[in-house]
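Q: As a plain string of letters, each chain reads:
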Amino acid sequence: MNEEILRIEGLKVYFYTYAGVVKAIEGVNLSVRKGECFGLVGETGCGKSVTMRSVIKLVPPPGRIVSGKIYFEGLDVLSLPESEVRKLRGRKIGFIVQEPMSALDPLYKVGYQAGEPLLVHGLVKDVKEMWKRVVNLFKTVMIPEPKERSRNYPHELSGGMKQRVVIATAISCVPDLIIADEPTTNVDVTIQAQILDLLRDLRRKYGTTLILVTHNLGIVAEMCDRVAVMYAGQIVELANVYDLFKDPLHPYTKGLLEAVPIITKSREVRLKPIPGTIPNLIRPPPGCRFHPRCSLVAEICKRERPPMVEVKPEHYVACWLYAKR
Amino acid sequence: MAEYKYYLIRRLLTFIPTILGALFITFIVSHVVPMMPAKAGFARHLNLEALKRLEQLYHLDKPWWEQFAYYVRDLFTGHWGTSMMSGRPIFEDLRDYYPVTVQLAIAGEALILLIGVPLGIVAAMKQDKWIDYVIRVFSLVAYSMPYFLWAIGIQLLFYWKLGWFPGIGLGKPPAKIYTGMYLLDSLLCGDWSSFIDNLRHLFLPAFSLALPNAGVIARLMRGSLLDALSSEYIDYTRMKGLPERMVVLKHAMKNAIIPIITVGGLMFGGLLGGAFITETVFALAGAGRYTVMAVLRSMDIPVIMATTFLIVMTYLLVNLVVDLLYGAVDPRVRL
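Protein sequence lines, in the order shown, are assigned to chains A and B. Residue numbers are given in the numbering used here: position 135 of the first sequence equals residue 135, and the series is strictly consecutive. Residue numbers are given in the numbering used here: position 36 of the second sequence equals residue 36, and the series is strictly consecutive.
Hint data in this document are derived by calculation from the structure and do not stem from the laboratory. These figures come from a predicted structure and were not determined experimentally. One thing to keep in mind: the hints can contain errors.
Coverage of chain A stretches by chain B, computed from C-beta distances (three or more under 8 Å per stretch; other residues unrestricted) [what the hints assert, rightly or not]:
| # | stretch |
| --- | --- |
| 1 | 55-62 |
| 2 | 86-97 |
With a Cα cut of at most 30 Å, we get these calculated BS3-like pairs of lysine-lysine [as the list claims (entries may be wrong)]:
| # | chain 1 | residue 1 | chain 2 | residue 2 |
| --- | --- | --- | --- | --- |
| 3 | B | 5 | A | 147 |
| 4 | A | 147 | A | 109 |
| 5 | A | 92 | A | 69 |
| 6 | A | 139 | B | 250 |
| 7 | B | 126 | A | 87 |
| 8 | B | 250 | A | 57 |
| 9 | A | 272 | A | 254 |
| 10 | B | 250 | A | 128 |
| 11 | A | 125 | B | 254 |
| 12 | A | 34 | A | 312 |
| 13 | B | 254 | A | 57 |
| 14 | A | 92 | B | 254 |
| 15 | B | 254 | B | 5 |
| 16 | B | 5 | A | 109 |
| 17 | A | 128 | A | 205 |
| 18 | B | 129 | B | 250 |
| 19 | B | 254 | A | 147 |
| 20 | A | 57 | B | 129 |
| 21 | A | 34 | A | 139 |
| 22 | B | 250 | A | 92 |
| 23 | B | 126 | A | 12 |
| 24 | B | 250 | A | 87 |
| 25 | A | 87 | A | 12 |
| 26 | A | 132 | B | 250 |
| 27 | A | 87 | B | 254 |
| 28 | B | 254 | A | 109 |
| 29 | A | 109 | A | 57 |
| 30 | A | 12 | B | 129 |
| 31 | B | 250 | A | 109 |
| 32 | B | 126 | A | 57 |
| 33 | A | 128 | B | 254 |
| 34 | B | 250 | A | 147 |
| 35 | A | 254 | A | 34 |
| 36 | A | 87 | A | 205 |
Positions of the beta carbon are idealized from the N, C-alpha and C atoms, including for glycine.
Let the sequences and hints guide you as you build the complete structure.
A: Rendered as structure tokens:
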């Protein structure tokens with residue numbers, strides 16, 4: 001269970017825009033264990049997606065991976081040639097994107113698109129076999145009338161169905177790792193629950209490692225084993241889900257949890273938003289990137305970046321409140 | 001396929017009001033021009049007595065709606081009347097002139113696509129590299145300059161100065177004439193020397209006709225390919241592990257070509273209406289020149305109305321073909 005499938009070391013991704021260099025990812029370290037469900041949470045724009053896209057070396061331009069190492073099943077991904085990384089994409093690492101509406105090419109049948117990874121990775125001998133496999137895949141992701149639906153075009157399917165097609169695509173080659181980037185953000189709540197159930201079932205069935213990228217803490221609590229909290233391009237806290245929710249350490253994590261509505265609480269209890277806004281990453285705040293919004297800020301926070309320390313077993317936090325000065 | 005059949009029937013039915021509307025407008029326009037058609041055509045040669053008789057012969061003494069009914073009936077029964085200019089039946093005139101225009105239009109359209117599409121693709125693939133700038137400047141210049149400048153410039157350079165291509169008229173007539181399009185006919189009867197000669201004659205006019213349009217297509221192609229390439233579904237094909245060649249050719253290109261079908265198709269419709277300027281500069285007896293001459297020289301109303309009818313028909317047909325193509329490529333288009 002403790003075998004590592006993915007390790008990211010000192011990852012830096014910068015976006016070279018006209019306005020300046022956006023330091024989107026500034027030294028991210030994390031490791032994901034085989035078979036677990038790993039959650040990556042943070043506000044929109046904190047670099048969750050970019051970190052995950054770095055894993056398959058597909059950072060959207062003008063972004064560039066500046067430094068760092070990514071090991072997937074022991075392979076040094078970033079130093080692999082493009083043709084070798086391509087063999088990971090879709091084959092070993094399945095991606096579920098957040099926009100099912102626009103992730104499918106409008107001009108091809110959804111079944112064909114879901115089967116494309118099988119074709120390009122040579123897992124089927126011809127298109128006929130691919131179609132057969134696709135119908136089974138559609139059954140797996142619980143698309144009703146899989147045979148008929150596979151022959152539909154994207155515009156003929158609902159958002160939830162399209163998300164299922166995307167999931168079918170991601171699992172088509174039975175990958176070792178599935179990265180689900182906000183899989184439920186753009187579908188309505190009932191579908192959300194169905195999609196999460198589906199992901200859970202798939203994990204049970206194949207034992208696939210799942211990285212769930214989300215800003216929804218409820219989903220994290222429900223699905224994940226361990227979770228990392230990201231803020232402005234850095235990991236600020238990493239723990240197993242139980243510890244993180246019960247005993248959050250980082251002021252940012254605490255803030256996040258206080259900003260979640262709890263139904264049992266009376267209506268008079270107001271949510272506590274985190275003051276301030278996410279920093280401009282062209283000129284990020286020096287020291288701890290959270291310090292301008294932190295209520296417990298100290299002098300050192302403004303000067304030096306806090307190191308990641310293991311406060312309790314398996315519970316890491318990057319904050320000067322817990323680090324030795 | 002059944003869908004296609006119903007679609008075709010539906011579309012052909014909509015042709016009827018469109019054609020009648022177009023005919024009505026041309027009819028009214030020609031009718032309100034303050035002149036006596038019979039007088040304009042023949043006054044120099046005839047006395048008043050004879051003019052009266054001519055007016056009766058052409059039903060010009062009848063009220064306008066009756067004239068319109070005669071006109072529509074005759075058009076659809078193949079009686080397109082006689083040209084006042086040439087004295088020949090208009091049908092025969094057009095049989096000579098129209099193939100020249102059709103041949104020029106086909107060659108022009110082929111060059112538009114052969115030049116415009118690849119340039120657009122290269123520009124998009126090398127976005128913001130020097131070659132992209134060169135292509136963008138080229139297309140800007142190409143479509144900013146008017147047809148006559150291109151025609152005269154190209155004729156001056158390649159015909160007068162360099163002498164690489166013949167600069168006026170059609171090539172040697174082929175041994176047998178079937179369609180009146182020399183290039184096609186020479187191919188059909190295997191007359192190779194005529195084929196080559198006609199190809200050479202066709203090149204300069206087709207090229208000068210194509211350049212401005214190719215500029216538009218290149219720009220459109222560049223834009224729509226860049227659009228497609230930056231879309232999320234293209235991103236997702238990469239995440240699936242597709243090689244870049246497949247990403248571009250199979251997914252991006254197919255999406256990018258859709259606007260080209262529309263615009264390229266409409267260009268073809270325009271070209272089929274006759275390219276008066278190009279036909280004039282290169283001394284080609286085509287339908288465009290025939291029509292404009294009918295207007296300028298003699299107010300040859302039967303010819304004007306007949307060619308208008310022809311242009312309306314070709315435009316409708318081209319539009320229909322464009323829509324069918326569009327439906328074949330894009331499943332979102334409901335036929």
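Q: Determine for every hint whether it applies to the structure shown.
A: Verification of the supplied hints:
1. Given a C-beta distance limit of less than 8 Å, the hint that chain B covers the stretch 55-62 of chain A holds, as 3 residues qualify and 3 suffice.
2. Residues of the stretch 86-97 of chain A lying with their CB closer than 8 Å to a CB of chain B number 8, which satisfies the three-residue condition for coverage.
3. Restraint check: the Cα-Cα separation between residue 5(B) and residue 147(A) comes to about 27 Å, which is no more than 30 Å; the hinted pair holds.
4. Between residue 147(A) and residue 109(A) the CA atoms are separated by roughly 12 Å; this keeps the pair inside 30 Å, and the hint holds.
5. Only pairs whose Cα atoms come within 30 Å are accepted, and residue 92(A) paired with residue 69(A) is accepted, the gap being roughly 18 Å.
6. Straight-line distance between C-alpha atoms of residue 139(A) and residue 250(B) comes to about 27 Å, which keeps the hinted pair within the 30 Å bound.
7. Between the alpha carbons of residue 126(B) and residue 87(A) the distance comes to roughly 26 Å, so the proposed pair stays at or under 30 Å and holds.
8. A threshold of 30 Å between alpha carbons decides the hint, and for residue 250(B) with residue 57(A) the separation of about 22 Å falls inside it, so the pair holds.
9. Restraint check: the Cα-Cα separation between residue 272(A) and residue 254(A) comes to about 10 Å, which is no more than 30 Å; the hinted pair holds.
10. Proposed proximity of residue 250(B) and residue 128(A) is supported: the alpha carbons are some 19 Å apart, at most 30 Å.
11. Straight-line distance between C-alpha atoms of residue 125(A) and residue 254(B) comes to about 25 Å, which keeps the hinted pair within the 30 Å bound.
12. For the hint linking residue 34(A) to residue 312(A), the alpha-carbon distance of about 22 Å falls within 30 Å, and the restraint holds.
13. Note on residue 254(B) and residue 57(A): the hinted pairing holds, with a Cα-Cα distance of about 25 Å set against a maximum of 30 Å.
14. Proximity of residue 92(A) to residue 254(B) is assessed by CA-CA distance (about 28 Å); at most 30 Å being required, the pair is judged to hold.
15. A C-alpha spacing of about 25 Å is found between residue 254(B) and residue 5(B), which places the hinted pair at or below 30 Å, so the restraint holds.
16. Distance restraint check for residue 5(B) and residue 109(A): the Cα-Cα separation of roughly 23 Å lies within the 30 Å cut-off, and the hinted pair is therefore satisfied.
17. Taken as a hint, the residue 128(A) and residue 205(A) pair is honoured in the structure, with Cα atoms around 26 Å apart against an allowance of 30 Å.
18. Distance restraint check for residue 129(B) and residue 250(B): the Cα-Cα separation of roughly 24 Å lies within the 30 Å cut-off, and the hinted pair is therefore satisfied.
19. Between residue 254(B) and residue 147(A), the direct Cα distance comes to roughly 25 Å. Compliance with the 30 Å bound is thereby established for this hinted pair.
20. Among the hinted pairs, residue 57(A) with residue 129(B) is consistent with the structure: their alpha-carbon atoms are about 23 Å apart, no more than 30 Å.
21. Annotation: proposed proximity of residue 34(A) to residue 139(A) holds, straight-line Cα distance about 26 Å (limit 30 Å).
22. Straight-line distance between C-alpha atoms of residue 250(B) and residue 92(A) comes to about 23 Å, which keeps the hinted pair within the 30 Å bound.
23. With a C-alpha separation of about 27 Å, the suggested pair residue 126(B) and residue 12(A) falls inside the 30 Å cut-off, and the hint holds.
24. Proximity of residue 250(B) to residue 87(A) is assessed by CA-CA distance (about 19 Å); at most 30 Å being required, the pair is judged to hold.
25. Distance restraint check for residue 87(A) and residue 12(A): the Cα-Cα separation of roughly 24 Å lies within the 30 Å cut-off, and the hinted pair is therefore satisfied.
26. Taken as a hint, the residue 132(A) and residue 250(B) pair is honoured in the structure, with Cα atoms around 22 Å apart against an allowance of 30 Å.
27. Restraint check: the Cα-Cα separation between residue 87(A) and residue 254(B) comes to about 25 Å, which is no more than 30 Å; the hinted pair holds.
28. Distance check on the hinted pair: residue 254(B) and residue 109(A) sit about 14 Å apart at the alpha-carbon level, within 30 Å; holds.
29. A C-alpha spacing of about 27 Å is found between residue 109(A) and residue 57(A), which places the hinted pair at or below 30 Å, so the restraint holds.
30. Distance restraint check for residue 12(A) and residue 129(B): the Cα-Cα separation of roughly 27 Å lies within the 30 Å cut-off, and the hinted pair is therefore satisfied.
31. For the hint linking residue 250(B) to residue 109(A), the alpha-carbon distance of about 13 Å falls within 30 Å, and the restraint holds.
32. Our distance criterion of 30 Å between C-alpha atoms is met by residue 126(B) and residue 57(A), whose separation comes to about 21 Å.
33. Simply put, residue 128(A) and residue 254(B) have alpha-carbon atoms about 23 Å apart, close enough for the 30 Å limit, and the pair holds.
34. Distance hint between residue 250(B) and residue 147(A) is fulfilled; the C-alpha atoms sit about 24 Å from each other, no more than 30 Å.
35. With a C-alpha separation of about 28 Å, the suggested pairing of residue 254(A) with residue 34(A) holds against the 30 Å cut-off.
36. Note on residue 87(A) and residue 205(A): the hinted pairing holds, with a Cα-Cα distance of about 24 Å set against a maximum of 30 Å.
Figure legend: structure checked against the earlier numbered hints; every hint is met.
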